[in-house]
Structure formats: C-alpha cells, structure tokens
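Protein chains in written order, with my numbering: chain A, 109 to 608; chain B, 190 to 546; chain C, 584 to 890.
These aren't lab readings, by the way, just hints derived from the structure by calculation.
Predicted model, so just to flag it, every value in this text is computed and none were measured.
Don't be surprised by glycine CBs; every beta carbon is placed ideally from N, CA and C.
Don't take every hint at face value.
Here chain C is said to cover these stretches of chain A; the calculated rule only asks that three of the stretch's residues, wherever they fall, bring their Cβ under 8 Å from a Cβ of chain C [said to hold, decoys possible]:
| hint | stretch |
| --- | --- |
| 1 | 303 to 313 |
| 2 | 367 to 381 |
Far from chain B, some chain A residues (derived; all Cβ distances over 10 Å) [unchecked claim]:
| hint | residue |
| --- | --- |
| 3 | L166 |
| 4 | A232 |
| 5 | D245 |
| 6 | M253 |
| 7 | Y318 |
| 8 | R336 |
| 9 | G402 |
| 10 | V428 |
| 11 | R493 |
| 12 | D568 |
| 13 | G583 |
| 14 | L587 |
| 15 | I589 |
| 16 | D590 |
| 17 | A597 |
| 18 | M604 |
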Amino acid sequence: MTEAGTSMTLELAGLVKRFGGVTAVDEVDATIHRGQLHAIVGENGAGKSTIVNMVAGLVAPDAGSITCGDISIDGSGRRQAAAAGIGVVHQHPSLIDRMTVAENAELGRPTSRFRTDLNSARSAISTWSERTSFAVDPDAAVGAMSIGERQRAEIVVALSWGAQVLLLDEPTAVLSPFEADALLDVVTDLVANGLAVVLVTHKLREVERYADEVTVLRSGRVTATASRGGFSRSSLVTAMVGDDVAARIRRRPKIDTEPGPVRLELRGVEVGRLRGIDLCVRGGEIVGVAGVAGNGQRELVDSTAGLRHPTAGVVLVDDVDVTSRPADAVAAGVAVIPDDRDLDALALQLPVWSNAIVKRRTGIGSWRGLDRSAIDLFTDAVIARLGVRPARRDALVRTLSGGNRQRLVIGRELAGSPSVIVAAEPTRGLDPISAAAVLDALMQAAAAGSGVLVVASDLDELLEISTRIVVLASGRITLDIDAVDADRATIGAAMMAAAS
Amino acid sequence: MTITDTRTDIAVSAGRARRHSSLIIATTGAVAMTLLATWIATGLEPWSVVRSLLEGAVGDRDAIAETIVRAAPLALVGVGAAVAIRGGVVNVGGDGQMIMGAVAAVVVVGWIVDGDGAGAPTMLVWAIALVVGALGGAAWAVVPAALAAKRDVPEILSTLLVNFATVGLVTWLLTKTFLQDPDPLVITAQGESVADRLEFTLLLEPTRLHLGVAVVVVAVVMTACWLRTPRGFRLDLLGANPSLAAQAGMSVVRDRAMLLLVSAGFAGLAGVIQLFGISHRLTPGLTGGVGYTGVLVAVLGRSRPLATTVAALGFAMLATGSEQLERDGAPREIVLVLQAVLVIATAIAIRPRPAAA
Amino acid sequence: MADLSFVESVLAGGFRLAVPLGLAAIGELVSERAGVLNLGVEGTMAMGAAGGVIGAATMGTIPGLLVGASVGALLGALFGFLVVVIGADEVICGFALALGGSGLAIFLYRSLYDQAPRIDVVQAVEIPVLSDLPLVGPVLFDQPLVVWMLPVAVAAVAWILTRSRPGLSVRAAGDGPNEARARGVDVDRSRLGATIIGGALAGLGGAVLCVALVGEFSDRIIGGRGFLALALVIVARWRPWPLLAVVVAIGSLQALQLRVQAGGGSAVPVELLQMLPFVATIVVLAIGLGSGSAPRSLGRLGQERTQ
Numbered sequence: 109m110t111e112a113g114t115s116m117t118l119e120l121a122g123l124v125k126r127f128g129g130v131t132a133v134d135e136v137d138a139t140i141h142r143g144q145l146h147a148i149v150g151e152n153g154a155g156k157s158t159i160v161n162m163v164a165g166l167v168a169p170d171a172g173s174i175t176c177g178d179i180s181i182d183g184s185g186r187r188q189a190a191a192a193g194i195g196v197v198h199q200h201p202s203l204i205d206r207m208t209v210a211e212n213a214e215l216g217r218p219t220s221r222f223r224t225d226l227n228s229a230r231s232a233i234s235t236w237s238e239r240t241s242f243a244v245d246p247d248a249a250v251g252a253m254s255i256g257e258r259q260r261a262e263i264v265v266a267l268s269w270g271a272q273v274l275l276l277d278e279p280t281a282v283l284s285p286f287e288a289d290a291l292l293d294v295v296t297d298l299v300a301n302g303l304a305v306v307l308v309t310h311k312l313r314e315v316e317r318y319a320d321e322v323t324v325l326r327s328g329r330v331t332a333t334a335s336r337g338g339f340s341r342s343s344l345v346t347a348m349v350g351d352d353v354a355a356r357i358r359r360r361p362k363i364d365t366e367p368g369p370v371r372l373e374l375r376g377v378e379v380g381r382l383r384g385i386d387l388c389v390r391g392g393e394i395v396g397v398a399g400v401a402g403n404g405q406r407e408l409v410d411s412t413a414g415l416r417h418p419t420a421g422v423v424l425v426d427d428v429d430v431t432s433r434p435a436d437a438v439a440a441g442v443a444v445i446p447d448d449r450d451l452d453a454l455a456l457q458l459p460v461w462s463n464a465i466v467k468r469r470t471g472i473g474s475w476r477g478l479d480r481s482a483i484d485l486f487t488d489a490v491i492a493r494l495g496v497r498p499a500r501r502d503a504l505v506r507t508l509s510g511g512n513r514q515r516l517v518i519g520r521e522l523a524g525s526p527s528v529i530v531a532a533e534p535t536r537g538l539d540p541i542s543a544a545a546v547l548d549a550l551m552q553a554a555a556a557g558s559g560v561l562v563v564a565s566d567l568d569e570l571l572e573i574s575t576r577i578v579v580l581a582s583g584r585i586t587l588d589i590d591a592v593d594a595d596r597a598t599i600g601a602a603m604m605a606a607a608s
Numbered sequence: 190m191t192i193t194d195t196r197t198d199i200a201v202s203a204g205r206a207r208r209h210s211s212l213i214i215a216t217t218g219a220v221a222m223t224l225l226a227t228w229i230a231t232g233l234e235p236w237s238v239v240r241s242l243l244e245g246a247v248g249d250r251d252a253i254a255e256t257i258v259r260a261a262p263l264a265l266v267g268v269g270a271a272v273a274i275r276g277g278v279v280n281v282g283g284d285g286q287m288i289m290g291a292v293a294a295v296v297v298v299g300w301i302v303d304g305d306g307a308g309a310p311t312m313l314v315w316a317i318a319l320v321v322g323a324l325g326g327a328a329w330a331v332v333p334a335a336l337a338a339k340r341d342v343p344e345i346l347s348t349l350l351v352n353f354a355t356v357g358l359v360t361w362l363l364t365k366t367f368l369q370d371p372d373p374l375v376i377t378a379q380g381e382s383v384a385d386r387l388e389f390t391l392l393l394e395p396t397r398l399h400l401g402v403a404v405v406v407v408a409v410v411m412t413a414c415w416l417r418t419p420r421g422f423r424l425d426l427l428g429a430n431p432s433l434a435a436q437a438g439m440s441v442v443r444d445r446a447m448l449l450l451v452s453a454g455f456a457g458l459a460g461v462i463q464l465f466g467i468s469h470r471l472t473p474g475l476t477g478g479v480g481y482t483g484v485l486v487a488v489l490g491r492s493r494p495l496a497t498t499v500a501a502l503g504f505a506m507l508a509t510g511s512e513q514l515e516r517d518g519a520p521r522e523i524v525l526v527l528q529a530v531l532v533i534a535t536a537i538a539i540r541p542r543p544a545a546a
Numbered sequence: 584m585a586d587l588s589f590v591e592s593v594l595a596g597g598f599r600l601a602v603p604l605g606l607a608a609i610g611e612l613v614s615e616r617a618g619v620l621n622l623g624v625e626g627t628m629a630m631g632a633a634g635g636v637i638g639a640a641t642m643g644t645i646p647g648l649l650v651g652a653s654v655g656a657l658l659g660a661l662f663g664f665l666v667v668v669i670g671a672d673e674v675i676c677g678f679a680l681a682l683g684g685s686g687l688a689i690f691l692y693r694s695l696y697d698q699a700p701r702i703d704v705v706q707a708v709e710i711p712v713l714s715d716l717p718l719v720g721p722v723l724f725d726q727p728l729v730v731w732m733l734p735v736a737v738a739a740v741a742w743i744l745t746r747s748r749p750g751l752s753v754r755a756a757g758d759g760p761n762e763a764r765a766r767g768v769d770v771d772r773s774r775l776g777a778t779i780i781g782g783a784l785a786g787l788g789g790a791v792l793c794v795a796l797v798g799e800f801s802d803r804i805i806g807g808r809g810f811l812a813l814a815l816v817i818v819a820r821w822r823p824w825p826l827l828a829v830v831v832a833i834g835s836l837q838a839l840q841l842r843v844q845a846g847g848g849s850a851v852p853v854e855l856l857q858m859l860p861f862v863a864t865i866v867v868l869a870i871g872l873g874s875g876s877a878p879r880s881l882g883r884l885g886q887e888r889t890q
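Pulled out of the complex, with its shape left as it was, chain A reads as follows (with noise of 0.2 Å):
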C-alpha cells in the first residue's frame, strides 16, 4: 500500500460500451492507483472482459474515458495502450505456440522498425524473469510449456514492455490452488514496488486475501466497492448475483440418495496422456473430475463418448462395450457435453432444430423425407427442457448466445433419459442464470438415475454439485473420494502429484 495520486493512475469515468442492443458496461467508474492491487469482480457476462478490453486499447468506448497518467486511451489499438504502461494478460494464455516467448515479446511491440531485434527482448524477459523468479526462458518454444508456465511467460513479456498498469484478466482459471496462490503472491510483490494491477477475477478467496480495493458488477453497472477489510463474503456474493440467484445458490439440495447400478466404467483406459484409468459412476452420482488443464481431461471425455481409440482398456455403458464406437456409445445413451460447444457441439450455420436432433437416429423420417411435425415435436420439448430464447426452430443457432447455446446443448443431451452424462467445463462463459440453470440440470439428470461425470477447472463448481471427487494429475487418477471428505489442501496436493 504506498501513497495514491502519482503520475500513473488509471482513470476510468463514465465507461459506456454497446453491442447490439445489449450494454456490457453501463457508467463505471474506477480509480486504480500505483501500488495497489485492484480486483474487479463478477460473475460471466457482468462486463468485467470488456473493460480489461478497453483499457488495454483493444475496443473503443461509447462514451466516457479513459486516461492513464495524462494519456487518454481511446480504443486506436493495443499499441497505443501499451506506449501508455499498460499490460495485459488474458484469460486464456496467448502467446502464439509455435514461436519463441521472445519473438512473442516482440510481436506487435510499439517500434516501425523492419527488422527484429530479438536479443533486446531477450535481454528484457531475462531480467524480468529473474525479478518474479518465474525462470522464464526467452528462447523456449511456447508449445513446449505447460499452461502454468506459459501463464508466469505472458506476466513476464508484459512486464518486459515496461507495463506500469498490468491488467490480469482471469490469471487463475487454468492453476491448481497452489499455482495460483504462487502466483499471487508474486504480484503482490510486484504491487509492494509500485505497480498498479487490476485483477479481474469472480474467485472470492483471491479477493479476500489479495485486493487492497474492490469493485463489484452486475450486468455491466457497479454495485460496491469497498476497500481493505469494508466487505465479506456474502457481501460480495450479494452484489454479484442479486439477491435471487445468490438464494438460489445456497438452496440447492444435495443430492443424498443412494447410488444405483455402476452405468459408466472405465477399466484400464489409456489412450494419450492418459494411463490405467480406472472409473466407475454409478447412476445418481455426480462425480467431479478436477485437475490442471491439460491433463488428460480432453481425452477422459473423448473417450467416454467413444471418439478416441485407446490403446488399451475398455469403456463400458451399463455393462456394454463402446470402446471407440461412438454410434454404439450414442445408442448405449451417452449425451456428451463438450468444453467447446462452438466448435464440438453446435453446427452454427444449421438451424435450431437440426441441432436439435443430431443424435436421433430414428423418428426422424424415411426414405420419403423428413418427417417435420415429428421433428418440430422433438425440437420444441428440447428448447423447452431449459428454456432456450428466442424459442424459434428456424433460428440459426449462431445467432443464440452463448448461454442460449450452452442450454440447446444440454436440451437435446438430456433428451431421451441418457444412461451417462459426460460435461466438460458446462458453464464456461456463461452468465449466472444460465449457469445456475445448467448446473440444475445436471443434478436433476442425476437424480432421475443417470451417472454423471463432470469435468471442471472451477474446484468451487466441482464442490458445489459432486457427490464425489476425482483427481487426475499427469494422466493418472490421484484421488478419488466422496465429496464430503474432500477438501481443497488435499485436491491441491493431488492435483500436483507427479505420476509415480
């Protein structure tokens, strides 16, 4: 904590930003100052991303300003951000992988010079990396870095262009806890010699134990700030959300009934990263996969769905054998809930309904045509399931949301009473309700007899909604517990637990 009001605070007055007819960011106001770490909280789609876009050039405002110091930034481009001081790291680390962290230092940096001067860089993030202790190495290949790694590079690159205002958007999202509080630690550091940063983060411990100032939003509008020691948990919890999703949170049920019959069970599985996975879940658990991206997580939920050939093992569906047969899978009744539902999940240029029945594989039709009343039955009980807006069979489901997306995915998934329901990151970049409705969902499925696995890298989410935990760390399960004996130390130390 060292003295407000030097040269290099950041000013946000009035901030205003439109898209389409929604505004993400209505009137904020914040002042961030040097030496003090500053936490802008949130949950999805409160607006926090698109402030961290506009003060670090990318996107200009609508109305209000923006002024570091006495440079006013105006959304020109990241370059003329970064001339004024500021550094950005965001959510999902961008450092291009097939280049070094020092030619990705020197992309895009603020000079009109033609040739590069890679050995200034060089010289920068070595300097830096000694100063974070991060060991950064400027001639490594990103590629070849773990996430954790290419993380600590992107905080030192950003440094390296003499940031004064570092902008941390979501830095913990892919850590273990341990990662993440090294991390922190690190910036508090950083903060103590006189850098300002701003941590955007809906992660409330992090907020507690490092943000010398809070700012809240919801809906793109601040409803608190507080400085030091002004808030609480629930506090925070309140202005996030409001006060109905927040109640509806705490309401949850467990689930407490007792398991059935195992529907899914992994025996000896290896394919990729993965070695001698051993999994069952039996119908009414949920069962929450926690670990570090990156871990075997992909190959776990490919598998399950029979996409991925293993190299050994077998997977199997109330006692039938899918291995690598997804049609087989598919019949068995496994609904897939992929991390990426753009790209995996949804055909954004067919319509609602063709999504709708992708996994049909009869009652469709016949050598005559599609049979569309039969079709648009289906089609309307699958928006229906959790509510998808606009309610419009024709509509082109690129034009959804991504919270309207997210619950058509789940609507044509649970169709049909599935066996086994696999969800990779089922909320990301999604907004509270949505969230909140999708986790309902699944701890219904859950209740009416389907076994549910779930992958997640939000170990809160995890612990919310599991009724047991599962750990995988370098390819192998290091923990597997009932929820109510878990608790974060030790799915910590699982999660780093070298394979033996």
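Since the structure of chain A is already known, use the hints to place chains B and C on it.
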C-alpha cells in the same frame, strides 16, 4: 489442416433461401461491370456481346436444343459436386473422372458387341455402359479418397493432381494402345467411332438433343429427393460440423471417402453420356472442361440440385452463346471471365456474416 | 566448352524449368504462412504471362517482367480483398480466379494479337571461371540471368519470415491470428500484404516462363504449374529452402522427360512421362509428409469470422 477440421461454409449456405435478393443484385451487377470493363479495355461493346450470346444460346429451336444438350453433363457433374460439397468434400477432378468413366465404358462395351455394335440388345448395352462409366469414374477417385483418409491430404489437391496426370495418360491411350482409332489416316489422338446403332437416340431431329438428357433429368430428380431424407440431413451435418457428426455416431472419414467416390461416379456417368450422346468417340477434349465448371455451377446453385441445374443451364447458355460470339468476331474466352465473375459474386453474396454473441 | 554430362545437363535444364514453378510456389508459401490459401495461382500465372508478353512486345524484356509481376500483384490484392476484407470463401474465390484468370489471359491476348508478337528469348550468360566448375558451373553459372530470381526470392522470403517484423506478423497471422490481434497486430493487413506478394511472385513466374524462357504465349502454357505449386508447398512443409529443393527436383524430372523425348524414344512412352511431375507429387504426399506442420489458421478463415 486436418481434413476433419475444415468446415466449408459453402456446404451449408446451401440451406436457407434468405439471400436471394442480394444474390441476384450481386450477380447482375458483377456481369454488368465486367462487360463495361471489357468495353473500356478492348472496345468490345457490351450490347453486341449480350446480343451474340443470346442469339447463340436461345435464338432458335436448334440453339435451345444445343444449350440443353450442353447443360446435361454439366448439370450431372454439378449435382455430383454439390452433394460432395454439402458434406465438406470438394471434388475438382471431374474431368479426369469423366474421361476414365468413358474409357471404362468403351472397353467393356467392346467386349460385349462387335464392330457394328451388334451382339446384344442396345438398351442393355447402354445400361451396362452407364453403370461401368459410373464405376470407372469412381475408381479414378480411389487414390485421392485414400490419401484423404490415411494421410489427411485435402481432396481438392489430390483430385487436381490426378486430373493433370490423366491428361498424359489419355493421350497415350488414344495414340498408342488398342483404344486408338483404327483408321490409318488419323494421326491425332482419338478413339474409334462408336457404332451408329449405339449412339443415343435423338429426341428431336435434326437437333442433337439425345436420350442422355433424360438420364440426367432422372438422376437430378432422384438426388433432390434423396437430399430430403434423413440421410441427406446427416450429409448436411457432416459438412457443417464433422466433429459433431462424429459424436453423433457418423463415421466421418469413411463417409467423406464415399462422397468423393459418389461424386466421381456422377462424373463418370456424365462422361458416358457425353460419349454416346455427342462426341461419339473418345477424344482428349471429350469433357470440354465440364469437370471444373461443374464445381462452379454447384457453387452458384449453392449445393442445391435444382438450383445447380438452373445454373448449369445458365453456363450452357454462355457456352453455346460464345460460339456465336466467336463467329461474330470476338474471342469466346470472355465467357470464362463472366463465369468466374458470377461465381465470385455468389461467393460474396453468401459469405458468412459475423456471429451474434 | 566441355560437353555437359547427362546429369549436368538435366540439372541445368531442371534449374531453368524450375523457375516459373518455383516463383509461384514461394509466393504461395508466403500467402499460406499468413493463413490464406490461394487456389488461384494458376490464373495469376496466366495473367502474368499474358501481361508479360504484352509488355515485352511493346517495351522489352525487363519491362515485360515488371508488367507481369504488377498484374500478379493486382490479382493478389483483389483476392486478398475478397477473402480477408470482405470475407468471401477462399476456396470458391481461388478456384474462380484460377479459371477466370486463365480465361481472361487468353481473352486479352487474342483481343490484342492475331499473330504471336516477336519476343526474344533471354540467352544464357556464361560467367567466366565460375562456369567451368564441375557440376555447379553449368547448373548455376551458365544460365540466363533471370534464373537467379528464384534463389534470390527464396532467400529473401526466408530472411523476411524469420528476421523481420513484418515477417513475424505474417507468421503470427498464420499460426495464431486471435492471439496476434490481442497483441495489437493488424492481422488483416499482414494477410493482405502476403497475398499481394504471393500474387506478384506468381505473376512474375508466369512472365518469366513466357517472356524469358519460351518466347510466346499460348492457351495451355501454364499447364498446371500453378496447381502443382500448391501441392509442392505442402510437400516442402511450408519451409522456403526445402521448397527450393523440391521445385528443382521436379524441374529436373521435367528436364529428364524432355531429354528422353529429344533423344529419340525410350522404353516409357513420352506421353506417360508427362504425368511424371504430378505422379511424383502424389507419391510423396502418399508417403506422408507433414500436413501437421501447416500454419494453424490455414483453411479456417471462415471459422475465424463466425466465432
């Protein structure tokens, strides 16, 4: 780029009839601009170009018949290409597939009948020729299909390479092997003339309108019906999102290979029709570039069979019209430019607009 | 002058034949490294050839080559504009450009000339001393000077891609366009620049073929080189120096074929030898060289737009 990752928007802009107006404006405007530019560059008056083209294309009954005759193989190849494009497979090897289909038909028919075409009922011979032609065309796509399935080589590239390789092969076949014209006075590359009785029946003397046109119509209608069935729907899904199609249980790699073979089969069929209906002998120029323009026509028709057929008629009008243009003293290649411009205008009109959220 | 050995004459001929193909290929490599697939190389080469012939007939060889390159650059700019700025599908536009460009080239040529205009083919320049070196001598130093355009272009592209900032931006546009945009790189501008360079080199290649090496323009002069260039970029895994090697190898195959033809027959019929470059490329692709090293955004421009 792995094949299963590429998603072509042309596959599915097929679907919705929402952009008719912008399409018509774009294409008309593009043609007008091209003619104007030609006028400025070479002094060729737009109005005289249009007049020559129309006269040559639909000026009298003979011209109309000729246009339809040209449109038939083009429509067939186009519909075959359209079906493949809907599934995300771009087959530009139509020319090679057409010729090799015709070659296969000639070889097999040669086993069945004697020099005068006798030895079996004509209808039977035609039926066999058509089937063999389709199979022969499909066989010519086996290597590209395998390359796509095993080595992730994009079909658009492998079919092209095979196409160019076929040029030399055909020349050799028609000058150095048993397929060449037995007449000792003939030195150019061409095959033996098809027996008179085996030529497709003329439907409208003295025009060249022949039975093969009916075959094309049947094929196009059957394809249009098939596309409306659940199988056709799954085809659209394959093209729109192969990853989702795999999840739904479809065998993406195998289906794509099948699509390539089927569209090649259409081309082979078109080659046989061209052989027995128009050219009456194997020549290197049998196809008239239809293998390539078939793909363009499929794009113009946005991968829908009936619209593709209409587009084929349009292109055929340009082709027959261009001959009149040539007779009137202007180089006929302007028509190639017009065809390209039409396709580009279509591409602009059907381009994906950025997503909402 | 010592008689050239068989190998030397094939390689020397191969090097010469490789130039049009190689220029087009290295140009396409630049475009694809930025993430833009340009199927229209064949048409651009044809237009470059026609433009080159027109320029050479009226003004001379060097101006002819410049005209060819400029025409190619214009077409590259048009293609880039359609695909990068407007967002039309690159496969459709490229294909249309290939056919339309070839057609337009023939149309313009025939509109202007009833008879082929007189163009002097460029003669070989024998560099003293160096041309007497074994193997390297006749292959590199007893050639028309235009031949040097190819290695120079390849070297320039290789250097620019690795050591210059625009080159870095091009690679970023190809391997990580979204990340590059987030860092403030103008991806669209990089891509447009890449297609213009690609077009210019393809046009130059066509011009070199007609103006410098063959001396005339004809309907089928390009003969599939443009499409072959596309395949060779893949075979060379999008790297400049391997591309040079591949292109010279293919050229040598063609030289071999011509030599055999001229020498009066061989066991293998001449027409079948014409298939050789294409079959060889297919075989290499079948053996399985990397499409795994393709620039990440290649073939996905449409997705970038809609997601």
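We went through each hint and held it up to the structure:
1. 303 to 313: Coverage by chain C is violated for the stretch 303 to 313 of chain A (0 residues, Cβ < 8 Å).
2. 367 to 381: violated (count 0)
3. L166: Fine: 16 Å to the nearest Cβ keeps L166/A off the interface.
4. A232: holds (35 Å)
5. D245: holds (30 Å)
6. M253: holds (23 Å)
7. Y318: holds (31 Å)
8. R336: holds (36 Å)
9. G402: At about 19 Å from chain B, G402/A clears the 10 Å cut-off, so the statement holds.
10. V428: The claim stands: V428/A keeps its Cβ more than 10 Å from every Cβ of chain B (closest is about 14 Å).
11. R493: R493/A is indeed farther than 10 Å from all Cβ atoms of chain B, at 19 Å.
12. D568: holds (25 Å)
13. G583: holds (23 Å)
14. L587: Since the minimum Cβ distance to chain B is about 29 Å, L587/A lies beyond 10 Å and the statement holds.
15. I589: I589/A clear of chain B: closest Cβ-Cβ about 31 Å, beyond 10 Å.
16. D590: holds (31 Å)
17. A597: holds (37 Å)
18. M604: holds (32 Å)
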